[in-house]
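Engineer: Single-letter residue listing:
There are 2 protein chains.
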Amino acid sequence: MPIQNDNPLVRSKLMSAEDAASLLPRTGTIATSGFTNGHPKAIPAALARRIASDGGEGEFGYNLYTGASTGEELDGVLARAKAIRYRTPFMSTPDLRNQINSGEVEFVDAHLSHLSSYIAHGILDPIDAAIVEAVDVASDGRIYLTTSSGMSPTFVAYAREVFVELNEAHPLELKGYHDIFLPELAPHGRPIHITSVDDRIGVPYVSCDPGRIRGIVKTHRRDHVEPFRKPDAVSAAIAGHVLEFVRHEVAFGRIPKNLLPFQSGVGNVANAVLAEMAAADWVPPVRMYTEVLQDSVFDLLDAEKLEFASTCALTFSPAAETRFHESISELRRRFVIRPQEISNNPEVIRRMGIIAMNTALEVDIYGHVNSTHVMGSAMMNGIGGSGDFTRNAYISIFLTPSTAKGGKISAVVPMVSHVDHVEHSVQIVVTEQGLADLRGLCPVRRARAIIENCAAPQYRDLLEEYLDHAIRVSKGGHMPHDLDRVFELHRRYADTGSMLPE
Amino acid sequence: MPIQNDNPLVRSKLMSAEDAASLLPRTGTIATSGFTNGHPKAIPAALARRIASDGGEGEFGYNLYTGASTGEELDGVLARAKAIRYRTPFMSTPDLRNQINSGEVEFVDAHLSHLSSYIAHGILDPIDAAIVEAVDVASDGRIYLTTSSGMSPTFVAYAREVFVELNEAHPLELKGYHDIFLPELAPHGRPIHITSVDDRIGVPYVSCDPGRIRGIVKTHRRDHVEPFRKPDAVSAAIAGHVLEFVRHEVAFGRIPKNLLPFQSGVGNVANAVLAEMAAADWVPPVRMYTEVLQDSVFDLLDAEKLEFASTCALTFSPAAETRFHESISELRRRFVIRPQEISNNPEVIRRMGIIAMNTALEVDIYGHVNSTHVMGSAMMNGIGGSGDFTRNAYISIFLTPSTAKGGKISAVVPMVSHVDHVEHSVQIVVTEQGLADLRGLCPVRRARAIIENCAAPQYRDLLEEYLDHAIRVSKGGHMPHDLDRVFELHRRYADTGSMLPE
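First to last, the sequence lines map onto chains F and G.
The opening residue of the first sequence carries number 351 in the working numbering; numbering runs sequentially from there.
The opening residue of the second sequence carries number 351 in the working numbering; numbering runs sequentially from there.
Hints are computed from structural coordinates only; laboratory data are not their basis.
Check before you lean on any hint, since a few could be wrong.
One copy or two, it doesn't matter: identical chains are merged, so the pair holds either way.
What the hints assert, rightly or not - In silico BS3-like cross-links for lysine-lysine, where the CA-CA straight-line distance does not exceed 25 Å:
| id | residue 1 | residue 2 |
| --- | --- | --- |
| 1 | K655 | K607 |
| 2 | K825 | K755 |
| 3 | K432 | K607 |
| 4 | K825 | K758 |
| 5 | K655 | K363 |
| 6 | K825 | K432 |
| 7 | K525 | K580 |
| 8 | K363 | K755 |
| 9 | K755 | K655 |
Take the sequences, apply the hints, and build the full model.
Structural biologist: Below is the structure:
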């Protein structure tokens with residue numbers, strides 16, 4: 351086995367995580383690698399220890415920018431150290447979520463594809479320090495990222511100084527998985543020459559002037575990824591409806607026989623769709639143009655059904671990671687990891703004709719989708735890339751179980767309590783009950799389709815009654831609503847703990 | 351003066367409007383040219399006469415697809431003939447609007463840039479007859495459009511048969527204004543090679559197999575365009591705030607000194623911004639990448655402040671049209687008319703860095719925008735291209751007077767009654783009161799900024815009180831709301847005729 355990560359640059363910049371943490375400012379802006387994984391872990395932990403020993407609450411406070419979600423090792427430890435004041439564009443750890451919802455942390459939920467331009471154009475505060483996880487750093491400053499690309503290329507380009515966590519838990523064979531390309535920014539934009547999921551247009555590393563690398567910290571800490579769970583019956587039913595729809599569209603010539611590239615959100619339902627594809631005889635080898643590859647991609651590989659997958663991150667459970675490492679050299683011909691400006695770019699997404707599948711928290715009868723705010727106020731995780739994909743997809747599909755909390759919450763409501771995806775961009779809604787194809791339907795027809803096909807049986811009469819009432823009181827109305835009653839299900843849930851009448 | 355429009359093809363297909371109307375099916379799908387103007391006028395009028403004499407209500411019924419809005423001569427006469435059953439993607443005539451809001455006509459409000467793919471991919475019903483207005487037809491079937499491009503290239507490509515209205519009220523010098531290019535559709539998409547507003551990548555005509563041209567009708571009917579109104583004080587104040595903001599961004603280096611291409615919605619407020627630009631000494635010659643050029647573009651030309659304008663339509667009042675005709679040969683170097691797949695294309699818009707300015711009906715304290723539905727139910731016109739531009743703009747600005755109905759309606763509300771543009775895509779809100787820059791702000795800060803800078807004085811305390819109350823009852827909450835009270839202003843207006851308490 352070669353000695354990893356040894357060269358004059360690494361030797362000259364090598365320091366402990368504590369030393370790196372001590373070089374960070376007490377307040378300012380930190381931007382890190384990470385897109386569901388691949389965030390730095392050693393320096394944040396050391397920073398939290400420094401804050402505990404050296405701080406006094408309120409003396410440290412940061413704006414924290416990342417790719418998308420990170421983990422306990424970054425958002426968790428820094429939230430518990432009360433060190434995050436401002437956070438963008440996405441998060442998913444409980445302590446930070448609580449601080450956001452209590453108003454302690456300012457959070458700006460943003461389309462992932464927008465962040466690069468906000469930083470380059472000076473709309474957000476400038477970055478004092480970028481901390482990126484890497485598998486290797488060459489002596490000329492080429493940084494080879496680990497299992498996600500996220501925002502690292504932009505952060506490295508714009509940060510005042512750069513810290514690298516050289517994570518030796520990753521094999522050096524990860525080198526070559528990335529295709530790092532940052533588009534020219536407006537007004538100097540040029541076409542992005544990706545026309546196929548497997549096109550490579552960049553280089554496999556992030557370039558950085560070695561003089562801007564302030565410190566390099568070695569670590570072996572692995573990302574914590576939850577073990578993979580087999581799809582439950584609800585997820586499998588949702589996946590079944592999606593596959594049936596795709597097959598129907600192929601039969602009608604609206605999707606080509608070799609299908610179209612799929613984007614699939616994170617989570618069990620998305621995994622279930624891939625598992626169903628792997629199992630269905632009629633499904634040919636598929637292409638993916640997505641943000642995160644999860645364990646389920648191995649179902650496709652095992653069934654010889656993965657042609658190629660473009661992603662922004664590989665986020666595998668320990669079991670899947672072992673499989674990945676066993677085949678790491680061969681899989682480089684099947685996977686590419688792109689920065690989120692490219693994985694989520696509207697130009698590329700629209701051009702290729704993506705089938706986008708994302709999860710909804712709730713959907714209303716007219717087809718608006720809430721992806722972010724529970725009961726209109728409490729932030730769950732953020733919009734992430736769902737808007738980037740939905741808005742430009744060939745077909746935009748939203749998936750959700752028809753109920754939550756044991757049936758006490760209906761995912762189908764008269765009006766969503768927060769809108770992340772507007773009626774004009776939502777085409778297909780799927781629950782375990784069935785699928786509503788909203789394309790080309792006027793609002794009232796959309797409402798009938800969603801109630802009939804997607805709502806849980808115990809909520810259908812309530813929703814039909816609301817719709818008929820709204821048609822009466824709004825004197826028709828293109829999109830009939832009664833603003834007195836529009837949130838009556840939500841209000842009943844707040845009052846009684848259930849959207850169903852007692 | 352040359353004899354216009356005379357060649358073997360024209361002679362062989364020439365017929366009266368009555369004859370053309372008699373060849374249309376009684377039911378089916380008609381798709382026409384037109385994008386605020388340039389819609390057919392003679393054949394629709396003849397069709398309405400045929401329906402009146404030959405019909406009996408209910409015997410005729412059409413799906414009608416257009417570019418964007420048309421006029422009384424098309425939507426108006428066919429609505430009054432009760433001949434429209436289904437309409438997409440946009441409209442603005444009163445009789446049709448009433449039928450949509452009473453539920454008589456099914457209307458599908460759609461992003462203008464999506465329509466082409468919906469037709470090409472067979473998501474909407476196929477087109478029986480396309481009717482396009484032209485200034486000339488060559489004997490090999492090249493169709494030269496009049497003052498808008500809209501959806502005509504796609505409609506001609508996919509219609510079973512084509513009718514042409516040769517409108518001789520337009521000078522033949524219009525030939526050469528259009529740049530007709532239809533992108534390859536997904537999954538065969540290729541980059542669209544427009545990197546500057548004046549790039550031409552297509553041809554100045556729509557090609558059509560002459561065998562598919564069923565009839566050619568000559569007409570001289572002009573489009574009805576309302577006379578231009580000078581900006582009122584409210585519009586001028588809004589425009590002033592926009593210009594001040596742009597100047598501020600230039601000073602901070604976030605907009606280059608030669609500015610960025612502007613997109614400007616239709617209407618008085620948009621006109622006022624261009625008039626202010628023409629009058630402001632510091633403003634250099636500007637570029638426009640927009641949907642509709644109105645009279646105000648002549649203010650820019652007079653002040654030698656128009657570098658180049660890309661548009662989907664030239665919609666001039668009679669006075670401005672006269673000026674246009676006087677300079678029609680020279681202005682061909684300043685204007686290009688593009689199909690809406692290109693004028694509204696997210697790829698091109700994002701690449702060039704557009705400053706997008708669109709009108710809001712209402713905006714909520716957290717920055718969601720309603721562009722379409724009055725009091726949540728009644729359709730005004732449609733989303734049009736505002737979503738195409740807002741979502742991909744370098745800076746997205748929404749403009750609205752702070753009140754309507756003499757102060758009885760506040761344009762700033764706790765929650766908009768319909769969402770067309772989500773918080774993630776709305777950056778700047780402007781009323782005559784002032785401007786709120788929402789970029790990088792968390793929801794509560796956005797709310798304070800909008801209430802303080804944009805709300806009318808008599809509504810500020812009401813909105814502040816709502817916000818403070820919502821923060822209390824939602825126990826913080828990332829986006830504090832009280833769903834019991836969220837529409838109290840709207841409900842009070844419905845009850846009392848004013849959003850203000852008595």
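Engineer: Next step is simple, just say for each hint if it's right about the structure.
Structural biologist: Here is how each hint holds up against the structure:
In this assembly of identical chains, the alpha carbons of K655 and K607 lie at most 25 Å apart only when taken from the same copy (14 Å versus 52 Å across copies). Only between protomers do K825 and K755 lie at most 25 Å apart by alpha-carbon distance; the minimum there is 21 Å, versus 35 Å within a single protomer. Proximity of K432 to K607 under the C-alpha cut-off of 25 Å is found in neither arrangement, the shortest distances being 53 Å within a copy and 41 Å between copies. In this assembly of identical chains, K825 and K758 lie within 25 Å of each other by CA distance solely across copies; the values are 22 Å between and 31 Å within a copy.
For a Cα distance limit of 25 Å, the shortest separation of K655 from K363 qualifies neither inside one copy, at 45 Å, nor across copies, at 54 Å. Proximity of K825 and K432 under a CA criterion of 25 Å is satisfied inter-copy only: 19 Å between copies versus 53 Å inside one chain copy. Taking identical chains as interchangeable, the C-alpha atoms of K525 and K580 are never at most 25 Å apart, the minima being 31 Å within one chain and 63 Å between chains. Taking the shortest Cα distances, K363 and K755 never come within 25 Å of each other, neither inside one copy (52 Å) nor across copies (67 Å).
Taking the closest pair of Cα atoms, K755 and K655 never come within 25 Å of each other, the shortest separation being 36 Å inside a single copy and 61 Å across copies.
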